[in-house]
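*Asks:* Residues per chain, in single letters:
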Amino acid sequence: MLDRTADNVARATPEPLAKKIRGISDKGLAWLFISPTILLLLAINIFPLFWAIYLSFTNFRANRPNEVVKNLGLANYQRILGDQDIWIAMQTTAHFVFWTILLQTVIGFTLAWLIDRKFRGHAFWTTIILVPMMLSPAVVGNFWRFLYEPQIGLFSYVVSFVTGIPPTNVQMLSNVELAPWAIIIVDTWMWTPYVMLICLAGLRSIPEYIYEAAEVDRASNWRQFWSITLPMALPFIMLAVLFRGIENFKMFDMVNLLTGGGPGSTTEVASITLKRQAFESWRTGYSSAFAIILFVAVFGLANIYVKALNKVKQR
Amino acid sequence: MSLTTAHSVVAPSSNAKLIAGTIIIAYALISIVPLLWIFATSFKTPPDSIAYPPKIVFQPSIEGYCNLFTTRTRQTPEYINSLGPATGFCDETVRKRNMVIAGPSNFLPRFVNSLIIAFGSTFCAVFLGTLSAYGFSRFKVPLADDLLFFILSTRFMPPIAVAIPIYLMYRELGLSDTALGMILLYTAVNVSLAVWLLKGFIDEIPREYEEAAMIDGYTRLQAFWRTVLPQATTGIAATAIFCLIFAWNEYAFAALLTSGTAQTAPPFIPTIIGEGGQDWPAVAAGTTIFLVPILVFTILLRKQLLRGITFGAVRK
Chain A
143 MLDRTADNVA
153 RATPEPLAKK
163 IRGISDKGLA
173 WLFISPTILL
183 LLAINIFPLF
193 WAIYLSFTNF
203 RANRPNEVVK
213 NLGLANYQRI
223 LGDQDIWIAM
233 QTTAHFVFWT
243 ILLQTVIGFT
253 LAWLIDRKFR
263 GHAFWTTIIL
273 VPMMLSPAVV
283 GNFWRFLYEP
293 QIGLFSYVVS
303 FVTGIPPTNV
313 QMLSNVELAP
323 WAIIIVDTWM
333 WTPYVMLICL
343 AGLRSIPEYI
353 YEAAEVDRAS
363 NWRQFWSITL
373 PMALPFIMLA
383 VLFRGIENFK
393 MFDMVNLLTG
403 GGPGSTTEVA
413 SITLKRQAFE
423 SWRTGYSSAF
433 AIILFVAVFG
443 LANIYVKALN
453 KVKQR
Chain B
316 MSLTTAHSVV
326 APSSNAKLIA
336 GTIIIAYALI
346 SIVPLLWIFA
356 TSFKTPPDSI
366 AYPPKIVFQP
376 SIEGYCNLFT
386 TRTRQTPEYI
396 NSLGPATGFC
406 DETVRKRNMV
416 IAGPSNFLPR
426 FVNSLIIAFG
436 STFCAVFLGT
446 LSAYGFSRFK
456 VPLADDLLFF
466 ILSTRFMPPI
476 AVAIPIYLMY
486 RELGLSDTAL
496 GMILLYTAVN
506 VSLAVWLLKG
516 FIDEIPREYE
526 EAAMIDGYTR
536 LQAFWRTVLP
546 QATTGIAATA
556 IFCLIFAWNE
566 YAFAALLTSG
576 TAQTAPPFIP
586 TIIGEGGQDW
596 PAVAAGTTIF
606 LVPILVFTIL
616 LRKQLLRGIT
626 FGAVRK
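Residue numbers (the numbering used here), protein chains in the order written: chain A, 143 to 457; chain B, 316 to 631.
If you're looking for bench data, these hints aren't it; they were derived computationally from the structure.
This one's a predicted model, so the numbers in the text were calculated from it and none came from an experiment.
All residues carry an ideal CB built from backbone N, CA and C; glycine is no exception.
Errors might be hidden in some of the hints.
Said to hold, decoys possible - List time: in silico DSS-like cross-link candidates among lysine-lysine, alpha-carbon distance up to 30 Å:
hint, chain 1, residue 1, chain 2, residue 2
1, A, 169, B, 455
2, A, 260, B, 332
3, A, 453, B, 370
4, B, 370, B, 411
5, A, 449, B, 411
6, A, 449, A, 169
7, B, 332, A, 449
8, A, 260, B, 618
9, B, 618, B, 411
10, A, 453, A, 260
11, B, 411, A, 453
As the list claims (entries may be wrong) - Quick list of the computed label-pair ranges, beta carbon to beta carbon:
hint, chain 1, residue 1, chain 2, residue 2, range
12, A, 193, B, 541, 38 to 48 Å
13, B, 461, A, 240, 13 to 23 Å
14, B, 523, A, 453, 24 to 34 Å
15, B, 338, A, 174, 31 to 41 Å
16, B, 337, A, 374, 46 to 56 Å
17, B, 589, A, 407, 28 to 38 Å
18, A, 224, B, 461, 33 to 43 Å
What the hints assert, rightly or not - Stretch-level coverage of chain A by chain B, calculated; a stretch enters the list once three of its residues show a Cβ under 8 Å from a Cβ in chain B:
hint, segment
19, 176 to 184
20, 231 to 245
21, 253 to 263
22, 270 to 281
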């Protein structure tokens, strides 16, 4: 009712006055709409971040809240950079990120290229391939433990059936050599569809007329692939690589359930080390410092990511 | 032309299509096997589930589902014989293993927690996200690019790194292990996705609609409500499903910040154990029930999937 009256008044009044009577100005409305989101993120993301920065300079332990907190300056950071275990965890993470991305990119791009041959029923099979990436990495990762069980697990059974290794010897999760590959296999199974989907968009963005022109010039298929397909799909592939890189750099859930970092610490990626330090050893100050270091690394990657993303958008 | 199309990429030959199709179908079938195995295991009896060689053909049983929803205690055969007749299929199955049902398990409450937290946080994230996306899309916001980057960057924080101070903050505020705390947290994580996706969708709605509505005497707010929102329904629905899937699947925060009353299904399912180790049919049953909604959503979403997973960077 009130709106109506205001409306009628507004219609009869000259423009500058009308704006005032119509209620909130555009500028006010913009802030009214945006500020709740910003406030929420400040409260749940930025405030805790600053708290973590403060803690990273102290010897605070969350399981002893009544103890006097001492300021250690940069000592936590120095200890992290000199900590052998942290470097091993970073190497484990690098190994995991490198191999998962390599496998996912190669397989994902190949699948996308094959789907782009547009055979009959490709839409249906594409949907089937996409299913694993939508599922909870924790819940599915947990089930892979069963598939990896020696002897009774399906994966171990198939491996021993194909290779002839006795089924009790296929110990994917308890073998020091195999455990890092066990997590790489599950991650690749889950996330190859992701890379595939982005590559497919890249391939479909290439205009047909470019291939037609290449045909007129009698360029071979091989030449067309290297000079047209790959360069034109490259920004999309990079986008997928960066996104997977960031996600796998902070990988926690699947690895935590599959191996928990074990056997020993052979699959202890950075996030698992962080969890062990923060929630098992309760070295809150020390782990906060490690968290900040990880965050800075991810933030750097994110910056590159957004630049690449804008490049893709411009095309 | 017919000479060149034989090996053209523009129109792949029927041979190429056949080979491509075969490889894709083979990959799809292999990649779906673990999921089919989860489904099959949920209908196996515990002995069948750990048989060697793994059983592909088996007598289906709903023992896994019985075990998922109940807790059981072992009793002597004499005691079991002294009880009255079994009250249902589950009761009967459990008694064959010399056990009696002691009560309901925690699965149902955990599942309900998942529903409450996922839907609650999705509603909040989409509500805030729609407003912000409209703000960024239609108004000149100072430092808009920086704010948008800030919003996105919060998504890149490693969850464990955020969890340490959140854990302390929630302990101070009494939000530890509460549904409200988890809803706030998931809203904060999802709102970045919601803003970026919805900004893309709203950018695609021509401004002329609102301008026309405003010339007709609507205020900006009315124009937003009556012209933009109805046009953005598809985008809002797709965004909501993406937020829902994230909140449904989330594990790291849930595992570290909840332990009892507000625990969701992902940290609970791995803890389902039977006598002498993990009760795989029950775990498989829980996993199956947990995954089915996501399967349905994936099929509903398949046209918007690409957009969602790239924060709106790639649109088909």
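*Asks:* Which constraints among the numbered hints does this structure fail? Numbers only, ascending.
*Replies:* 3, 5, 7, 9, 11, 13, 15, 16, 20
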